[in-house]
Amino acid sequence: MDKENEFEKRVSRRKFFNIAGWTGLFAFFGSSGAAGARFFYPKVLYEPASTFNAGRPDEYTAPAGNEQAVVDERWKKSQRVWMVRTKEGIYAMVAICTHLGCTPNWFPTEVRFKCPCHGSNYNTDGEVVAGPAPEPLFRAKIDLAPDGSMIVTTGLLGIRRANLQTQKKTLGVFWTEEEKGVIWKPPYFLQLKA
Amino acid sequence: MSTNLNNNNEVSFVPPFFKKIFEYIKSTPVWKSIFRVGYPDTMPKRMAVMRSSFYMHIFPTKVGVHGMKIKYGWCMGGITFFLFLLLTITGILLMFYYVPEEHRAYNDMKDLRYVVPFGMILRNMHRWGAHGMVFTVILHMIRVFYTGSYKPPRQFNWTVGVLLLLITLMLSFTGYLLPWDQLGFWAVTVGTNMASATPLLGYEGPFSKYLGIQIDNDIRFALIGGTRIGPNALVRAYVWHCVGLPLIATALMIFHFWRIRKDGFSGPM
Numbered sequence: 001m002d003k004e005n006e007f008e009k010r011v012s013r014r015k016f017f018n019i020a021g022w023t024g025l026f027a028f029f030g031s032s033g034a035a036g037a038r039f040f041y042p043k044v045l046y047e048p049a050s051t052f053n054a055g056r057p058d059e060y061t062a063p064a065g066n067e068q069a070v071v072d073e074r075w076k077k078s079q080r081v082w083m084v085r086t087k088e089g090i091y092a093m094v095a096i097c098t099h100l101g102c103t104p105n106w107f108p109t110e111v112r113f114k115c116p117c118h119g120s121n122y123n124t125d126g127e128v129v130a131g132p133a134p135e136p137l138f139r140a141k142i143d144l145a146p147d148g149s150m151i152v153t154t155g156l157l158g159i160r161r162a163n164l165q166t167q168k169k170t171l172g173v174f175w176t177e178e179e180k181g182v183i184w185k186p187p188y189f190l191q192l193k194a
Numbered sequence: 195m196s197t198n199l200n201n202n203n204e205v206s207f208v209p210p211f212f213k214k215i216f217e218y219i220k221s222t223p224v225w226k227s228i229f230r231v232g233y234p235d236t237m238p239k240r241m242a243v244m245r246s247s248f249y250m251h252i253f254p255t256k257v258g259v260h261g262m263k264i265k266y267g268w269c270m271g272g273i274t275f276f277l278f279l280l281l282t283i284t285g286i287l288l289m290f291y292y293v294p295e296e297h298r299a300y301n302d303m304k305d306l307r308y309v310v311p312f313g314m315i316l317r318n319m320h321r322w323g324a325h326g327m328v329f330t331v332i333l334h335m336i337r338v339f340y341t342g343s344y345k346p347p348r349q350f351n352w353t354v355g356v357l358l359l360l361i362t363l364m365l366s367f368t369g370y371l372l373p374w375d376q377l378g379f380w381a382v383t384v385g386t387n388m389a390s391a392t393p394l395l396g397y398e399g400p401f402s403k404y405l406g407i408q409i410d411n412d413i414r415f416a417l418i419g420g421t422r423i424g425p426n427a428l429v430r431a432y433v434w435h436c437v438g439l440p441l442i443a444t445a446l447m448i449f450h451f452w453r454i455r456k457d458g459f460s461g462p463m
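In order, the protein sequence lines correspond to chains Y and E. Under the working numbering, read the first sequence as residues 1 to 194, first letter to last. Under the working numbering, read the second sequence as residues 195 to 463, first letter to last.
Source of the hints: derived by calculation from the structure; they are not laboratory data. Honestly, I wouldn't trust all of these hints.
Stated by the list, open to error - Dumping the calculated BS3-like pairs for lysine-lysine here, alpha-carbon to alpha-carbon at most 30 Å:
#1 K77/Y <-> K185/Y
#2 K114/Y <-> K77/Y
#3 K304/E <-> K77/Y
#4 K43/Y <-> K403/E
#5 K403/E <-> K180/Y
#6 K403/E <-> K141/Y
#7 K456/E <-> K345/E
#8 K180/Y <-> K114/Y
#9 K141/Y <-> K87/Y
#10 K76/Y <-> K185/Y
#11 K114/Y <-> K141/Y
#12 K87/Y <-> K77/Y
#13 K185/Y <-> K141/Y
#14 K76/Y <-> K304/E
#15 K193/Y <-> K76/Y
#16 K239/E <-> K226/E
#17 K403/E <-> K185/Y
#18 K193/Y <-> K141/Y
Stated by the list, open to error - Covered by chain E, according to a simulated footprint, are these stretches of chain Y (three or more residues, beta-carbon under 8 Å):
#19 39 to 47
#20 99 to 107
Said to hold, decoys possible - Residues from chain E shown here face chain Y by an in silico Cβ test under 8 Å; the list is partial:
#21 A416
#22 G419
#23 R422
#24 G424
Keep in mind that this is a model prediction, so the values were computed, not measured. Just so you know, even glycine gets a beta-carbon here, dropped at the ideal spot from N, CA and C.
Construct the complete structure from the given sequences, taking the supplied hints into account.
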């Protein structure tokens, strides 16, 4: 038997076309499947802007007497944000329950945020005091515009939250000391005179 | 009273003139092309009817008496299929008036209830039929479990049935958002947020950070076409509800029924 025949025996025409055919078929369906999956991830979103102008800090009433904080709800419906004015300053809290994304309600007499869906309760710091929520309410960034008004950024919640989480040792319903170092400083907290 | 005796000496009240016309019609190629077997008065003919008819061939050519007992099968699979047909018909009719657009969806649903002729009963048939289908499909599953009808050779049909149950629940879930009311909106917010806890594929799920999964590239993002429930989510729910899922369900049902026919009806305990 010469060399050519031996090669023919190892890689026969039938075997070659068999492998080539199946490879081609799987390549076609595989790439079609991948393209089909990619199709469901839009490149451009037409969602509402993730920043808004919340006005000047002096438009928000400061707490008086024994009050710890005043929760302002003027942006809740349009931006899903509460502006919370404490004696030391102001911060923006995102009105999205960290459990499964419903909108909690503010109850001033009980000094609590309560979620209507599954009953999570938060205090004015956003810490979970009852219910199934796994972590505190998110903070939105506050930047000061040249005219002194506050530019609040709520966008890319998940990404910002993940950034916060990298500093967390464990997932908790209260802010850790490390996190307190983040949320009580700019850009998450705006220091004001009382 | 004049009567006619036919070949089998049975009494016939049909006048010979009409009988001749009938016989002529039955001998035409058109009639024979539609009704191939003739009157099924023998067992082979009866089986031939089932075999050669498009509609009848869903059923086995022969079914044991026990398989026909209401007490045994509850007819739950049949009722589920009937509800699926009802939902398809009423759903197609609802599509003539309903537009899955942010500013129209809720008002179109209200119009269907108060303005469109017979819209109220159509929408209610669709809604209650959907609730009913979830109910009957679960009862069907319970029945199959308790009669042991999932056992060999029917294991694979049980698996197909589980897929059909999941498709039914997904149809129910996608239909929930379409009225674009508070109930559906927050239900779907909660439901799709659960998807974000999927291992590897959801941005809040375990191990996903190793794949670089974030809110704008996880499985929830693909489901609702964005980072929040909005117009994209409404259109996606609509297309899956009206086209994608019913097509998958139909394909699986064809297979499900074919397997029943091939495996035969399960016997009583």
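Verification of the supplied hints:
no., hint, in the structure
1, K77/Y <-> K185/Y, "26 Å, holds"
2, K114/Y <-> K77/Y, "16 Å, holds"
3, K304/E <-> K77/Y, "24 Å, holds"
4, K43/Y <-> K403/E, "21 Å, holds"
5, K403/E <-> K180/Y, "23 Å, holds"
6, K403/E <-> K141/Y, "23 Å, holds"
7, K456/E <-> K345/E, "15 Å, holds"
8, K180/Y <-> K114/Y, "22 Å, holds"
9, K141/Y <-> K87/Y, "19 Å, holds"
10, K76/Y <-> K185/Y, "23 Å, holds"
11, K114/Y <-> K141/Y, "23 Å, holds"
12, K87/Y <-> K77/Y, "25 Å, holds"
13, K185/Y <-> K141/Y, "10 Å, holds"
14, K76/Y <-> K304/E, "27 Å, holds"
15, K193/Y <-> K76/Y, "25 Å, holds"
16, K239/E <-> K226/E, "15 Å, holds"
17, K403/E <-> K185/Y, "26 Å, holds"
18, K193/Y <-> K141/Y, "19 Å, holds"
19, 39 to 47, "holds (count 6)"
20, 99 to 107, "holds (count 3)"
21, A416, "4 Å, holds"
22, G419, "6 Å, holds"
23, R422, "6 Å, holds"
24, G424, "6 Å, holds"
Checked against the numbered hints given earlier, this structure breaks none of them.
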